[in-house]
Amino acid sequence: MSKSLPILGASDAGLAPVPAPRAPMSNGIQADTPTVPLAALDQLWFQVAGTVCNLRCSHCFISCSPENHSFWFLTREEVREALDESVGIGVKEYYFTGGEPFMNREMLGILEDTLALGPATVLTNATLIPERAARELARIADGSPYTLELRVSLDGTTAEMNDALRGTGSFERAMAGLGRLVRVGFLPIITTMQSWDDAETPEVLGAFRQALAAIGYDRPRLKILPPLLIGAEAERSRGYERTERVTPEMMVDYDEDLLLCARARLVTKKGVWACPILLDYESARLGGTLAEATAPAPLAEQACFTCYVSGAICSNSSGMTRDFS
Amino acid sequence: VNDVRGDELPTHGRIAVFGGVYSNHLALDAAIADASSRGVDAMYCLGDLGAFGPNPDKVFPLLRAHSIPVVRGNYDDSIARGLDDCQCGYTDPRDNHYARLSYQYTFTHTAPENRAWLADFPETIRFRLGELDVLACHGSPRQTNEFLWESGTPTHFLSKLASDAEVDLILGTHTGIHWQRRWEGGAYVNVGALGRPANDGRTEVWYALLEAQGRELSVDFVPIAYDHEALAEEMRSEELPEEFVETILTGWWTTCLEILPGKERARGKF
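Chains S and U are the protein sequences, given in the same order.
Here the first sequence is numbered in this note's numbering, starting from 28 and rising by one per residue.
Here the second sequence is numbered in this note's numbering, starting from -4 and rising by one per residue.
Only some residues are given here: those of chain S computed to face chain U with a beta carbon under 7 Å: (1) V114; (2) K119; (3) P146; (4) Y173; (5) L214.
Since the hints were made in silico from the structure, they are not lab data.
The model shown is predicted, which means the values in this text are computed figures rather than measured ones.
In this text, a Cβ means the ideal position worked out from N, Cα and C, and glycines have one as well.
Can you build the whole structure from these sequences, using the hints too?
Structural data, given as structure tokens:
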């Protein structure tokens, strides 16, 4: 990790727009805040669209919207430099998030660069995938030995249920985008935030399968996420209770591999973060470069509690769920 | 853990390497016969003797009779230590349901002396093939239950695993689908599995035949046709899930699909 990574956006005066008003950043690190060492940098995440999104979902944990410009887009060149560095580090997989990654005009080129090196996953709302983009994505995916996963957020099985969280018209547009992806050969991973009681899960999953079958997706891959009580979601439902935080006692005999920050870092326009969820928290910014960001991650925020309880919720699946060496 | 270096390591010219057996004693028997007929000078097994199939105790005498060294798989580790589950790493409730069924069956049908034998398997085995230094493991050199899929594993990542382990060649299984990758000065071979077909619509199962002359490596994946209908009958008489039997009879995986990356998943039927 000798090469540094010039991805700091602070000096990009020509690119960075005026930030929207934001909640103040917190740095909740206390003397007894538990920290998690980076076991290996397996997952390299990119905040490729910054906080810019075409939707304004009421449960978004980083409050992304068309107006939230606090983190701006990464350029293809910036991503390419991080990719170059990742080869020497031995990164296993790449993830792209935002905001909405397809708001980034260079996204297809970025994916082409990435898939030359390894598998890539894009977290998208699928509302910005016209026919031509779907075909282009399929061409890029078919041309690589590695998998391109498209992880599509959908928060309901009907327009009524989904749009209550994601905004009017978003269900129809997401289903249209999904249909296009399925028709060109993708098997998108549908992610949905659990907004129902556990007992209703089988029924909800059944309804998802039915709704997706109706657009031709007959073997859907479904992933349920727990709500994160920060950002817009904290205002929609509730914030964390005072007791809901990770304490040093809780880390005794705990398998740290369950936490994303044991194996991942997030590249943003403003430096490298420990976690894709904690964008608004200064405690999660570990350095300006990947080389600087190998320091242990502090579990200073209450959202860390959700990850502690539910496991590395942001990964596609749990290839590294247990350490029994 | 076998961690001897240098000249003390056993050296081979041509070997057969078997992946997960999953209690498929008929396929193991056929694979041993096939490998023997090809004049190999050693056979290795990369672990997960139990799971999925019937009568787990039938596998052990075959391995002992042919003195086949075995690497400890996650299943072997669980059964040996009497853990609650197979450490397969599934998160989907349906996958876990089937994993639990087969784990409970395998645990209760593995004799205590065989469980004790599983506990003695090393996590990795090192040897030489021609002039190549080889590390045999179950999932990856760094973690027994790590999945290394062809479409999910960058070459630079494999090369780092090999250089961290100070070997030229890594052999693994765990995913159940055979594949290989070469790079300048190194190689990774997933030897596949004998326990169930490779999700390719064929009823054969696969093992890897490896040969090295000097540092020149050749790898052949060998399909093994065996009496899969007899295995299916035996599974039914043991009241194992019909979903498992279907896989043996059709060559398509019906369960535990969640962990497949998109490309591998798309090639299957379900």
